Amino acid sequence: MSLTLATLVASITVFILAIFLGFELISKVPPTLHTPLMSGANAISGITIVGALFLSNTQFNSGHPGLAAWLAFAALVMATINVVGGFMVTNRMLEMIAGKKKRKGGD
Amino acid sequence: MVDPVVWDIGYLVSAALFILGIKKLSSPKTAPQGNRLGAYGMLLAVLVTMAKMYSEKIIGLELIVGGLALGTIIGVWMATRVEMTGMPELVALFNGFGGGASALVGLSEVLKRIDDSEMITDSVPFPDGVELYATWIAIGLSVLVGCLTLTGSLMAMGKLKGGFYIPLSKKDDRGRPKWVNFPTWGPPWLNFVKGGMLVASFALIWLSIQEPGNTDYVYALVATSGLLGVLFVLPIGGADMPVVVSLLNSLSGIAAAFTGFVIGNNVLIIAGSMVGAAGLILTFIMCKAMNRTLPAVLFKSFGGGGKETVTRTKVGSDPEEVAMVCDGITKCVIIPGYGMAVSQAQHAVKEFADMLEAEDVEVSYGIHPVAGRMPGHMNVLLAEANVPYEQLIEMDEINSELPECDVALVIGANDTVNPVARSGEGPLGGMPIIDADKARVVVIIKRSLSVGYAGVDNDLFFEDKTMMLFGDGKKMMNELNAAFKDL
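Going down the list, the sequences are from chains A and B.
No gaps in the numbering here: position 94 of the first sequence is 94 in our numbering, and each next residue is one more.
Counting the second sequence from 1 gives a position; our numbering is that position plus 1000.
In isolation and in its complexed conformation, chain A is listed as follows (with noise of 0.2 angstroms):
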């Protein structure tokens, strides 16, 4: 898993054009929706649950889990109550702010 030249080159082809990507994705955000963008982005930012079930497991592995292991358990840990915990909460706002709009298109 060591970081050779050519996937270190890759990979920070991959993160300058996701910068960009983003910053173009959203340029004008509604102020209704700065809570739940926030929120909703926060929740994805927990996509570093992949690399704590990664290590998870490789740590377990090895038969002689240490501080290394319980490290990457409480990462998990973590990781999912904000993977879970933030789409929920967004959900619930969004829910609120849209389902309003529901009811009124209905009168």
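Mixed in with the good hints there might be a few duds.
Quick list of in silico lysine-lysine cross-link-like pairs, BS3-like style, CA-CA up to 27 angstroms [stated by the list, open to error]:
hint : chain 1 : residue 1 : chain 2 : residue 2
1    : A       : 28        : B       : 1288
2    : B       : 1350      : B       : 1485
3    : A       : 28        : B       : 1024
4    : B       : 1288      : B       : 1438
5    : A       : 28        : B       : 1023
6    : A       : 28        : B       : 1029
Label-pair ranges, simulated between beta-carbon atoms [to be verified]:
hint : chain 1 : residue 1 : chain 2 : residue 2 : range
7    : B       : 1284      : A       : 16        : 17 to 23 angstroms
8    : B       : 1184      : A       : 24        : 35 to 41 angstroms
9    : A       : 65        : B       : 1043      : 26 to 32 angstroms
10   : B       : 1116      : A       : 5         : 18 to 24 angstroms
Because the hints were derived from the structure by calculation, they are not lab data.
Since the model is a prediction, treat every value here as computed from it, not as a measurement.
Glycine included, each C-beta is placed from N, C-alpha and C at the ideal position.
Guided by the hints, dock chain B onto chain A, whose structure is given.
For chain B alone, kept in the frame of chain A given last:
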């Protein structure tokens, strides 16, 4: 063995779902769908990872499933339990967890590598040259940014709450433990300390590259960056929190992206850097709404020292008088601020608006972008009170309507309606404001005449057309509602 390309394609689909999700989150019609797409993307990423581990070799399955279950239970419990008024704190806390997880992954990875290299039987030597530098820098940065995000978010959470109860302390006569306000403290020299610590963090990363087997440097890095996060948020006052919260949101994404470099996974890099960009955009929107630059918000203490003292006085009005003024008007604009959030007056405000609407009054809400403590705070609170979202009007739009408005009802806002901002002088100079003073009558619900966050006296309070209702936002709104019913 399954061809590894299968997993990469799975991650690619997941990254595409995130991109679509974020795109859709920025428009009101598609936002719920955007959130769901993001969640599907995450589920897919987790499933692909589990499948990949299963196809290779999985031993710690019970623990992994246990960890996922534990996190899910806690996450669901927190997300369903929270009131809308507690939303800023919860978003800050989740954000901290995201950053913390990234830091822990980096930390665990580096400890693992050191462990592996120490085992004599199957020793894995450290990589050398570019590989060593790249790997160790990526790990170092994910630990640095992650720890900073974790402690900074916890600080922000404390500030958003305003303070905390000391557990087990002596209870007062109302049976509550002692309440301590969350500190805001930052002399100018603290910036040099922070700068020094940042340099020290980079030095520690460099040292750990020189001596890759030494865990001391790694732990020192954790301590330094954690403390840096605390010091980073400590000097920043409550009203600047929207900037800080969105900046921390951005950092948690960046931390995830660095973790992606560490474990060599593109989906982390893509999702993380997009979140980083999104958070940065929000940060700049917030800064613009305050007419301040990001460095000024972060490194200059604001308003703290030279607060103007209020020497003028103003006679407060009764709710009955205000109710009479509001009788028979045709247009009312409600301008909420942090005071509405603190007193949780949004339902009482909505009740008042309903009564006005029953009398054929046109009611709308003027929302300042930085009103409250997080981006979009007022919108979420008013949405919770069932205010139709069409009535929540952005600052620029409401300002063109205010000259035709009969009553502007300002509840718990100060700096965002201070006309001195238009003069272009003083701490508030040039900040865009809601022109409440253009309305025929201005009603302000506020506890006192004291200055706001910027420490500037507000002329609006003392104008002849202004009626002050002194008191707690919710209490005064309820009294106003009762008075209006009695008319």
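Distance restraint hint 18 to 24 angstroms, applied to the beta-carbon atoms of residue 1116 of chain B and residue 5 of chain A: The hint (18 to 24 angstroms, Cβ to Cβ) holds, given that residue 1116 of chain B and residue 5 of chain A are roughly 22 angstroms apart.
Holds or violated: residue 28 of chain A with residue 1029 of chain B, Cα cutoff 27 angstroms? holds (14 angstroms)
Verify the proposed pairing of residue 28 of chain A with residue 1024 of chain B, using a straight-line Cα cut of 27 angstroms. holds (12 angstroms)
Agreement of residue 1350 of chain B and residue 1485 of chain B with the hint, judged by alpha carbon distance not exceeding 27 angstroms: Distance of about 14 angstroms is within 27 angstroms: holds.
Evaluate the given range 26 to 32 angstroms for the C-beta pair formed by residue 65 of chain A and residue 1043 of chain B. holds (27 angstroms)
For the pair we were handed, residue 28 of chain A and residue 1288 of chain B, check the Cα-Cα distance against 27 angstroms. holds (13 angstroms)
Residue 1288 of chain B paired with residue 1438 of chain B [C-alpha distance capped at 27 angstroms]: Holds: residue 1288 of chain B and residue 1438 of chain B sit about 23 angstroms apart, inside 27 angstroms.
Could you say whether the range 17 to 23 angstroms given as a hint is met by the Cβ separation of residue 1284 of chain B and residue 16 of chain A? Once the Cβ atoms are compared, 19 angstroms apart, the range 17 to 23 angstroms for residue 16 of chain A and residue 1284 of chain B holds.
So if I understand the rule, the pair passes when the alpha-carbon distance is 27 angstroms or less; does residue 28 of chain A with residue 1023 of chain B pass? holds (11 angstroms)
Could you see if the CB distance from residue 1184 of chain B to residue 24 of chain A stays within 35 to 41 angstroms? holds (36 angstroms)
Going down the numbered hints, you'll see the structure goes against none, and every one checks out.
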